[in-house]
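Engineer: Listed here are the chains, written in short residue letters.
There are 2 protein chains.
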Amino acid sequence: MKTLRREDIEDFALGGGLFGCGGGGDTYLGKLMLEIEMERCGEIPLLSVDEVPDDAMVVLTAVVGAPSVFLEKVPNGGEDRRVIEQVEKECGKPVFGILIGEVGGLNSILPAVTAARLGLPLIDADPTGRCVPSVHATAFNINHLDISPIVIADEFMNTVVIRTDDHLKGERLTRSMIVEMGGSAIFAFCPISGAQLRKIALPGAVTHPIAVGRAIREARASGKSPFEAVARLLTDTPLYGWADTLIEGKIVDVHRRSDTGFTIGRTVIRSLGGGQDELELEFKNEHLVARINGEVRGTVPDLITVLDSETGEHIGTDRLRYGQRVTVMVARAPAMWRTERGLSLLGPRAYDIDCDYVPVEMLNDRSSKTIRSEEDQSAECEA
Amino acid sequence: MKTLRREDIEDFALGGGLFGCGGGGDTYLGKLMLEIEMERCGEIPLLSVDEVPDDAMVVLTAVVGAPSVFLEKVPNGGEDRRVIEQVEKECGKPVFGILIGEVGGLNSILPAVTAARLGLPLIDADPTGRCVPSVHATAFNINHLDISPIVIADEFMNTVVIRTDDHLKGERLTRSMIVEMGGSAIFAFCPISGAQLRKIALPGAVTHPIAVGRAIREARASGKSPFEAVARLLTDTPLYGWADTLIEGKIVDVHRRSDTGFTIGRTVIRSLGGGQDELELEFKNEHLVARINGEVRGTVPDLITVLDSETGEHIGTDRLRYGQRVTVMVARAPAMWRTERGLSLLGPRAYDIDCDYVPVEMLNDRSSKTIRSEEDQSAECEA
Numbered sequence: 001m002k003t004l005r006r007e008d009i010e011d012f013a014l015g016g017g018l019f020g021c022g023g024g025g026d027t028y029l030g031k032l033m034l035e036i037e038m039e040r041c042g043e044i045p046l047l048s049v050d051e052v053p054d055d056a057m058v059v060l061t062a063v064v065g066a067p068s069v070f071l072e073k074v075p076n077g078g079e080d081r082r083v084i085e086q087v088e089k090e091c092g093k094p095v096f097g098i099l100i101g102e103v104g105g106l107n108s109i110l111p112a113v114t115a116a117r118l119g120l121p122l123i124d125a126d127p128t129g130r131c132v133p134s135v136h137a138t139a140f141n142i143n144h145l146d147i148s149p150i151v152i153a154d155e156f157m158n159t160v161v162i163r164t165d166d167h168l169k170g171e172r173l174t175r176s177m178i179v180e181m182g183g184s185a186i187f188a189f190c191p192i193s194g195a196q197l198r199k200i201a202l203p204g205a206v207t208h209p210i211a212v213g214r215a216i217r218e219a220r221a222s223g224k225s226p227f228e229a230v231a232r233l234l235t236d237t238p239l240y241g242w243a244d245t246l247i248e249g250k251i252v253d254v255h256r257r258s259d260t261g262f263t264i265g266r267t268v269i270r271s272l273g274g275g276q277d278e279l280e281l282e283f284k285n286e287h288l289v290a291r292i293n294g295e296v297r298g299t300v301p302d303l304i305t306v307l308d309s310e311t312g313e314h315i316g317t318d319r320l321r322y323g324q325r326v327t328v329m330v331a332r333a334p335a336m337w338r339t340e341r342g343l344s345l346l347g348p349r350a351y352d353i354d355c356d357y358v359p360v361e362m363l364n365d366r367s368s369k370t371i372r373s374e375e376d377q378s379a380e381c382e383a
Numbered sequence: 001m002k003t004l005r006r007e008d009i010e011d012f013a014l015g016g017g018l019f020g021c022g023g024g025g026d027t028y029l030g031k032l033m034l035e036i037e038m039e040r041c042g043e044i045p046l047l048s049v050d051e052v053p054d055d056a057m058v059v060l061t062a063v064v065g066a067p068s069v070f071l072e073k074v075p076n077g078g079e080d081r082r083v084i085e086q087v088e089k090e091c092g093k094p095v096f097g098i099l100i101g102e103v104g105g106l107n108s109i110l111p112a113v114t115a116a117r118l119g120l121p122l123i124d125a126d127p128t129g130r131c132v133p134s135v136h137a138t139a140f141n142i143n144h145l146d147i148s149p150i151v152i153a154d155e156f157m158n159t160v161v162i163r164t165d166d167h168l169k170g171e172r173l174t175r176s177m178i179v180e181m182g183g184s185a186i187f188a189f190c191p192i193s194g195a196q197l198r199k200i201a202l203p204g205a206v207t208h209p210i211a212v213g214r215a216i217r218e219a220r221a222s223g224k225s226p227f228e229a230v231a232r233l234l235t236d237t238p239l240y241g242w243a244d245t246l247i248e249g250k251i252v253d254v255h256r257r258s259d260t261g262f263t264i265g266r267t268v269i270r271s272l273g274g275g276q277d278e279l280e281l282e283f284k285n286e287h288l289v290a291r292i293n294g295e296v297r298g299t300v301p302d303l304i305t306v307l308d309s310e311t312g313e314h315i316g317t318d319r320l321r322y323g324q325r326v327t328v329m330v331a332r333a334p335a336m337w338r339t340e341r342g343l344s345l346l347g348p349r350a351y352d353i354d355c356d357y358v359p360v361e362m363l364n365d366r367s368s369k370t371i372r373s374e375e376d377q378s379a380e381c382e383a
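Protein sequence lines, in the order shown, are assigned to chains L and F. For the record, in the first sequence the residue sitting at position 10 is 10 according to the numbering used here, with numbers rising by one throughout. For the record, in the second sequence the residue sitting at position 93 is 93 according to the numbering used here, with numbers rising by one throughout.
Among the clues, some could well be false.
As a list, the in silico DSS-like pairs of lysine-lysine whose alpha-carbon atoms are at most 27 Å apart [stated by the list, open to error]:
| id | chain 1 | residue 1 | chain 2 | residue 2 |
| --- | --- | --- | --- | --- |
| 1 | L | 73 | F | 169 |
| 2 | F | 73 | L | 169 |
| 3 | L | 199 | L | 89 |
| 4 | F | 169 | L | 89 |
| 5 | F | 93 | F | 199 |
| 6 | F | 89 | L | 169 |
The set of hints was computed from the structure by calculation and includes no laboratory data.
Start from the sequences and build out the full structure, keeping to the hints where you can.
Structural biologist: Right, here's the structure in full:
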């Protein structure tokens, strides 16, 4: 059986940030939490989806709310146990293992913390393949599974159980609770069987971050570009299959506010290369759209991520600030997001970006771009 | 055993409005709902608190939200059964009987509808003795009972269970759910035993409205003033002990908005008597303060109620409009509200009325008013 070991933590946290796409919470906080737990428990059993019995129940834990709130409103450390125990009570059966809530940021790491605390195995899979801004944007919803119960606990141990047959209503009711709870909380939802898990979950939510983290670390150690290493690795990873660097530059503008339980805003990055190219990102927890000089070069559901140009570390939307030297990478979203149903949940129009979805590898592939005239493009996107 | 009979419905609805103090929801809607149920079930067993076994569990049902929303967002008729069944599941025991949520308006009547639907007895008691704007302003909180579980269901059968050890947090979490549910929903909370019920509940939540309704009806039939009849009746009712008419006049101004799950605003009533006295009411679902020509003449927790001058019917804050001929009555609040703890939950300062609480019978008793100088009064209240 594979395990998550203490020596994996650095790579796990470093590489996980990439999948955060700006959201998912600060990995540094998660790393500290996981180090404390693993000092105690040694290692955590890590199961592939194939190792979960058909009728066993697994569930995710995650932090939900605005990343800029997580930074200062730290969990008390008992909420995850509370939500798992409540899920067991609601469902009348024990939780067999902990699923990753969403690969990326703190939310990659928190389920490992929960698994360590409760002595449960961690499942190397998640329902999103990247961080997402909404509870209803998951493989659970794409595959019409019941989202209930949604169990939420805050640091005062106020506990809320929501039952609804509508994932979007689940998102809305959860979000309004979160706002009242001060902007963030720990939650679990959509407990599923091992049999369901195998059908719908995206594999690699632990092993992909570790591999990315190692690639960044090894490239830096040998004086190579960590971004080229990451692009190569993701291109070779079947779940993604394509990745590239959009721009290397300096942040020259940040607008950000915490509103309705989200971190919302935009940032402008000016190229440090020869030209005066400017890349603008709009975000709602996660980055929604990237434009270079007004031209769309990537949108949700494809991954858009801001990394520190020197260290390769993820810079969340809560920590963007003027003057940072950053490298913006894009990667192809897992295939489920590129279906009509996937795009209805995580496409640009689902977040009020008035723009048809065009696969990121087409927007950034020179050979295909020459085929598309400028008029075509402006017709596709008038954001 | 006493029963609530079909021939009581008219008086029950008519008299219940008085205790609404502007809130509690429109009684007409409740009357229609109750008529439908009682046509089916005949009569409803009506128990005094002494008739509930010590270890039996009772719970209230109520509509929560903004009265101006109830008017157009009618329950689907299944929410009350849903919340009662969920309470039973949460507590692991059956509900023995239905308590009145708060005497007044629709919320007097809805529990009778629930009792009829579920074939349960109705308890002639409530935890408030009047309508209140907040979930945390109850005898439950005054007596430090556990508010959990709070169970909420909307017309789509979205169901939420909140557990908290803090009544105010319960109010806030409930309110933010209600806003997301569209402004109103049906809920139950704080299930208690028969033994607890006897210690804390206020008696008469069914019999008082019926008596008031009958007094209004009989006074009108014999050409007498229904308001004098009501004042006499309440003065003779131990739970209240004092009531009077503040003004008879015409509504000349109404400001009203639906905000944060409440109906908020103010209205001005000009006297139809000789003078040009103007009475101003500020409300948040219920009336919070009454001033005549700027002088405070009544505040929460005392009852302030606007009745139709011709029919004696309650006019809720959601239905106040220019030109209505109205009579404003005030009555003493039940004694529990006049304690320090009661005032901290339902006193004027609890609703941002910057004014010390002065008992309404002192504010309106000429013999005591002559003792108090104008300076005393302006020091007491600088709203």
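Engineer: Mind listing which of the numbered hints don't hold for this structure, in increasing order?
Structural biologist: Result: no hint breaks.
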